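Visitor: Next come the chains, spelled out residue by residue.
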Amino acid sequence: AQRVTQPEKLLSVFKGAPVELKCNYSYSGSPELFWYVQYSRQRLQLLLRHISRESIKGFTADLNKGETSFHLKKPFAQEEDSAMYYCALILGGYNKLIFGAGTRLAVHP
Amino acid sequence: DAGVIQSPRHEVTEMGQEVTLRCKPISGHDYLFWYRQTMMRGLELLIYFNNNVPIDDSGMPEDRFSAKMPNASFSTLKIQPSEPRDSAVYFCASSYGVGTGSHEQYFGPGTRLTVT
Chain A
2 AQRVTQPEKL
12 LSVFKGAPVE
22 LKCNYSYSGS
32 PELFWYVQYS
42 RQRLQLLLRH
52 ISRESIKGFT
62 ADLNKGETSF
72 HLKKPFAQEE
82 DSAMYYCALI
92 LGGYNKLIFG
102 AGTRLAVHP
Chain B
121 DAGVIQSPRH
131 EVTEMGQEVT
141 LRCKPISGHD
151 YLFWYRQTMM
161 RGLELLIYFN
171 NNVPIDDSGM
181 PEDRFSAKMP
191 NASFSTLKIQ
201 PSEPRDSAVY
211 FCASSYGVGT
221 GSHEQYFGPG
231 TRLTVT
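Heads up: the sequence lines are chains A and B, in that order. Start counting at 1 in the first sequence, then tack on 1, and there's your number in our numbering. Start counting at 1 in the second sequence, then tack on 120, and there's your number in our numbering.
Looking at chain A on its own, in the form it has when it is part of the complex:
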């Protein structure tokens, strides 16, 4: 079955430290993966998608098909990065998003 796993419920770091939010997926086809972010009292919004190969707010994520991972990274965390982060998988040919359980990132001053 298709599944997205985010092993950490909470990741706590200090400002300026590197951040890596882990995401592993289970899907036999060609996956399309996303990271969504939910800041406090704001809507869930798309942060980045693997097909775009873009860097948003200093975050990057590389799809590793061998390890079935799509970890989100940022070299220097900022306090404004504190939020809930969801990794999501969309099945090929469909619009159905499967979300991971989410990781809360807390960046301390």
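Some hints here could point you the wrong way.
Quick list of the computed label-pair ranges, beta carbon to beta carbon [what the hints assert, rightly or not]:
| hint | chain 1 | residue 1 | chain 2 | residue 2 | range |
| --- | --- | --- | --- | --- | --- |
| 1 | B | R142 | A | D63 | 37 to 43 Å |
| 2 | B | E203 | A | K16 | 19 to 25 Å |
| 3 | B | V173 | A | E68 | 33 to 39 Å |
| 4 | A | P8 | B | E224 | 22 to 28 Å |
| 5 | B | Q200 | A | R105 | 48 to 54 Å |
Stretch-level coverage of chain A by chain B, calculated; a stretch enters the list once three of its residues show a Cβ under 8 Å from a Cβ in chain B [said to hold, decoys possible]:
| hint | segment |
| --- | --- |
| 6 | 10-24 |
| 7 | 32-45 |
| 8 | 64-77 |
Selected chain B positions facing chain A (Cβ under 8 Å, derived; list incomplete) [claimed, not checked]:
| hint | residue |
| --- | --- |
| 9 | Q137 |
| 10 | G162 |
| 11 | Y168 |
| 12 | E203 |
| 13 | S215 |
| 14 | H223 |
| 15 | G228 |
None of these hints come from the bench; they were simulated from the model. A quick note: this is a predicted structure, and the numbers were derived from the prediction, not measured. No residue lacks a Cβ here, since even glycine has one placed at the ideal position from N, Cα and C.
With chain A's structure known, arrange chain B on it following the hints.
Guide: Coordinates of chain B only, in the frame set by chain A:
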């Protein structure tokens, strides 16, 4: 565009009462999704529509839950009768179709439901 609109933003009701949540998707989007968010289970897809037709309702927890989309600009999620375990934040999202290659879903602000 105001984005996806949901109402009410907060709902407090007593067990056994009927609850109706409303959603207005972004104009032109042909997919609409209902999600439920809880601390224990995270974000769960309940049901989604394409061109007003329900495509996949496998996430609807039980018969007490029903969803409709009478037209392209309006959808409802109804719980009857409500139970305390239904307490959660319910999100509506919309997107363009598969053919556009986008797949980005735009989320509403959510409705926080508390059933006492």
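Visitor: Are the hints correct? Go through all of them and say.
Guide: Here's how the hints hold up against the structure:
| no. | hint | result |
| --- | --- | --- |
| 1 | R142(B) x D63(A): 37 to 43 Å | holds, 40 Å |
| 2 | E203(B) x K16(A): 19 to 25 Å | violated, 43 Å |
| 3 | V173(B) x E68(A): 33 to 39 Å | holds, 38 Å |
| 4 | P8(A) x E224(B): 22 to 28 Å | holds, 25 Å |
| 5 | Q200(B) x R105(A): 48 to 54 Å | violated, 33 Å |
| 6 | 10-24 | violated (count 0) |
| 7 | 32-45 | holds (count 4) |
| 8 | 64-77 | violated (count 0) |
| 9 | Q137 | violated, 27 Å |
| 10 | G162 | holds, 4 Å |
| 11 | Y168 | holds, 7 Å |
| 12 | E203 | violated, 23 Å |
| 13 | S215 | holds, 6 Å |
| 14 | H223 | holds, 5 Å |
| 15 | G228 | holds, 7 Å |
Hints 2, 5, 6, 8, 9 and 12 from the earlier list are contradicted by this structure; the remaining hints agree with it.
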